[in-house]
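Undergrad: Taken in sequence, the protein lines are chains A and B.
Going by our numbering, the first sequence opens with residue 64, and the numbers climb by one from there.
Going by our numbering, the second sequence opens with residue 36, and the numbers climb by one from there.
Think of the hints as simulated: they come from the structure by calculation, not from any bench.
Take these hints with a grain of salt, some might be off.
What the simulated footprint calls covered on chain B by chain A, stretch by stretch (three residues with Cβ under 8 Å from a Cβ of chain A suffice, anywhere in the stretch; the number is not a length) [as the list claims (entries may be wrong)]: (1) 66-78; (2) 364-376; (3) 513-519; (4) 555-562.
For the chain B half of the interface with chain A, some residues (derived, Cβ under 7 Å), not all of them [stated by the list, open to error]: (5) 186; (6) 315; (7) 546; (8) 549; (9) 551; (10) 552.
Distance windows between CB atoms, simulated [as the list claims (entries may be wrong)]: (11) 185/A with 473/B: 58 to 64 Å; (12) 498/B with 387/A: 56 to 62 Å; (13) 549/B with 103/A: 48 to 54 Å; (14) 391/A with 423/B: 53 to 59 Å.
Note that the structure is predicted; figures quoted are calculated from it, not measured.
Just so it is clear, CB atoms sit at the ideal spot from N, CA and C, and this is done for glycine as well.
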Amino acid sequence: MLLRFFLMGLDRKAGIVLTILAILAVAVPVMTLWVPADSPFHLSVFTVSLLGKYLCFALLALALDLVWGYCGILSLGHAAFFALGGYAMGMYLMRQIGPRGVYGNPELPDFMVFLNWTELPWYWWGFDQFWFAALMVLVVPGALAFAFGWFAFRSRVTGVYLSIITQALTFALLLAFFRNDMGFGGNNGLTDFKDILGYDIQADTTRVALFVATVAALALSYMIASGVIASKLGKVLVALRDAESRVRFMGYDTESYKLFAWSLSACMAGVAGALYVPQVGIINPSEFAPASSIEAVIWVAVGGRGTLAGGILGAVLVNMGKSYFTGALPELWLFALGGLFVAVTLFLPKGLLGLWGQLTAKLPRRNKASPLPNAQPANQTAGQKGA
Amino acid sequence: MRRALRWLMALCVVVATSTAAYAADPRAIDLRPLVQALGSGGYSGTEKALAQLSEAGDPAAVPVIEALQAGDLHVRKADGAVVIARKAGDAFTLTDPLTRAALGDAPAAAVEKIRINNALRRAISASLGALTLMSPDAGVRRSAADAVFKSRDASALETLSAAIAKEQDKGIRAAMEQARAAILLTGEAASKMTDAEIQAATDTLTARGDRDALVLLNMVAGSGASDITKRSAAAAVSTLEQKLAFWAALQNLWYGLSLGSVLLLAAIGLAVTFGVMGVINMAHGEMVMIGAYTTFMVQEAFRAYAPGLFDLSILVALPAAFLVSGGVGIIIERSVIRWLYGRPLETLLATWGLSLALQQAVRSIFGPTNREVGAPSWMSGAFELGGLTITYGRLWIVIFAFTVFAALLVALKRTWFGLSIRAVTQNRPMANAMGIRTARVDALTFGLGSGIAGLAGVALSQIDNVSPNLGQGYIIDSFMVVVFGGVGNLWGTLVGALTLGSINKFLEPYAGAVLGKILVLIFIILFIQRRPRGLFALKGRSVEA
């Protein structure tokens, strides 16, 4: 049953994506750990973490593409779910520090000692257990998305209004997490992590293992997403993206369909955040900034909305560009990003993958005489016009 | 004109008589030996001489005592004369403390500082307070009265009474009387006062009616004073508390109105581009920022070429900002937005990209730091209205916001251009058929919305930091206001802005600024669930368009 679900989504594109991910999962550890450092094929640990970061963003983009590309919900607050997942993981990592903090308090993280708190707030309970934190990575973003979507979809808030209130949501969370008395480290966030599951978080092997975990999470999420899209449920999603009222009049409970996809997407974003935090080593409230959510939207737009693989491609390409520009030409980065927003919306409405599709669709028609399937409908429309 | 002249003459007479009164002070005595005595006998000698100086009550002693306070008063070792010595390089420049005549330079070893301790410091400020009460300068007398009110120094009582008897200015006399009441009620004298005197003193303090008076009366009510004092103070406290609560509510309302008008200014341009045209303009905040930077440029030009006319710079900046922001808006519409009509989400992304590029452009040209935009003299300062403190800057912004709102309303309802805008909004093909150039109307409408944002930038440059990030702080708030009020309805924007402003300011005292803002955001999110189309929703066919 489950196997069928996954197999259903496996088309040629999925095959390519999964193959690339599999190659990454094997090649990167080998090139980092076993290829000698002076070989041109050696990858530094820094590069591995950077790649891992890109793939976390790719997972966020995949989650966003699921709701934007297939349900027509443009979320301007998806980074909020990403950050919440990140905070859940960050809380686990903070508890792992134990008495090795600056103040040496075995129970309380440093910033709480600094604020003169005497005991752990109730919402930090349980985060010393990995299984609990991992559960929370899924539950917290999922539950927030469920509650938010429950209200929003039921009152039929759609389109731009929905986008704006998702932005309000992430802005409210940004302000809240900046507060010191929220108990999440305020402005500085959570950082200075020591180890994860008993392994040193700085060690090369841990870094590579985290990268492999990210690749695995991305592959699994891709399979889930493409399975959902290929299923009957996915067809309903696409239908309600294109004509919601019509689907509703046909008797489908559109709110529930949207709510499912929306919550699933939030959980994926949470996982992306959770994998991001140990590789970057810090989580702070700036992740909630509305700008980071909108940046995630542009990844999807660049790669190609409604293609799943496009989100991954876009996230990796844009972030590689960002790494290059902010290092080499920091003045120009915002111009480049801004120009990208404008250029993609004006000239590449279907993104890079769509461009590829357009090119490959045109080429054979130009070269060979058009085979039947294309000629038939053209004749039909001509006939209708004449009639 | 004639009346003004008469006022001027009357003023001259008052000033002349008052200075004459001070000059002919019968108590005037030679200060020289007293000043000289400051320098001998150690701390106690200085203190004694200081007491005599302040008893003499001559304002001429004020600079001497101030020099003592600042540690500038020295004794010249050669002849034992007391001089003011200020360090200039290695040596000291000497001046005579009373006549201010220069006495030449002296090496550091030739003078000895008159040192003061904490007891002396207290005595100095008390005697300064007392002496300045007699100053011919009205401003000095008022601040002296306020200083005595704060210090409640019983030794100033006699001087204070003398000053009250002599005071001509009603306001200053009231301040002095309040200071005396404060000393009487809290000092030892309270036990010897009659009931009527106590009542009079509490009444004086109640009449002052501010938080300081309340604190004082509370102190009296809780102190070990006689029952009668306590009872009358307690009664005064409750009257005063009610009054203060009333004014506090009114002040909150004013702050709410003020914040609301800022929100209105920021949102009103968006109400045109988003509300009327349906274009999600995320670069709206940058239009505001461009307006603010235009103000900065205009002011720089005024500073360079016509510094005397600086007060008029804002008036020139208004049309300039409108034109610059409006022009940028038209360019954006023609180059980007017109390709994206009917695709609101894509418009959102493209304009967000534009906003990033505009921010970086301004950062590259003007630098990332805040730019100084000055306030013209008629916008600085504040006035008191009962218990309200209203700054002129805020008052002008409130007036300006409502003026812009009214002007926009008139422009949309009463002009040919406004008619075209409404026609195109309601039925584009029909308007086109009637000969309206819809493309041009689109561009001009977008320009109008952006131009209004530029006007907002002029106003906001007066109260906010002019930096490349200026616009970002307002964009989310503006969208909240427009969505809350109802898209496509200017009145909704007005009500939305004022409501959100007031809610914010009334929540602030209880929840703090940040939490208050979070609560407002949550409130809006929940509100949109109840009314997905805002407070004043458009009905009918245009809703689905």
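Undergrad: Decide, hint by hint, whether the structure agrees.
TA: Here's how the hints hold up against the structure:
Figure legend: the region 66-78 of chain B, annotated as covered by chain A; annotation inconsistent (0 residues with Cβ-Cβ distances under 8 Å, at least 3 required). Against chain A, the region 364-376 of chain B contributes 3 residues with a C-beta closer than 8 Å to a partner C-beta. That satisfies the three-residue criterion, and the hint holds. Beta-carbon proximity to chain A at under 8 Å applies to 3 residues in the region 513-519 of chain B; the threshold of 3 is reached and the given coverage holds. Only residues whose beta carbon comes within less than 8 Å of a beta carbon in chain A count, and the region 555-562 of chain B has 5; three or more means the coverage holds.
For residue 186/B, the interface hint is violated, since its Cβ never comes within 7 Å of a Cβ in chain A; the closest pair sits about 36 Å apart. The criterion of a C-beta within 7 Å of any C-beta in chain A is met by residue 315/B, whose closest approach is roughly 6 Å, and the hint holds. Because the smallest distance between the Cβ of residue 546/B and any Cβ of chain A comes to about 11 Å, over 7 Å, the interface hint for this residue is violated. With 7 Å as the threshold, the beta carbon of residue 549/B comes within range of chain A, its nearest partner Cβ sitting at about 5 Å, so the hint holds.
Taking 7 Å as the C-beta cut-off, the interface hint given for residue 551/B is violated, the closest approach to chain A being about 10 Å. Hint status for residue 552/B relative to chain A: holds, with the closest Cβ pair at about 6 Å, below 7 Å. Here the CB-CB span from residue 185/A to residue 473/B is close to 60 Å, well matched to the stated 58 to 64 Å. Checked against the given bound of 56 to 62 Å, the beta carbons of residue 498/B and residue 387/A, roughly 40 Å apart, lie outside it.
Checking the proposed 48 to 54 Å range against residue 549/B and residue 103/A shows it holds: the Cβ atoms sit about 52 Å from each other. Separation of residue 391/A from residue 423/B is about 56 Å and conforms to the stated range, judged on CB atoms against 53 to 59 Å.
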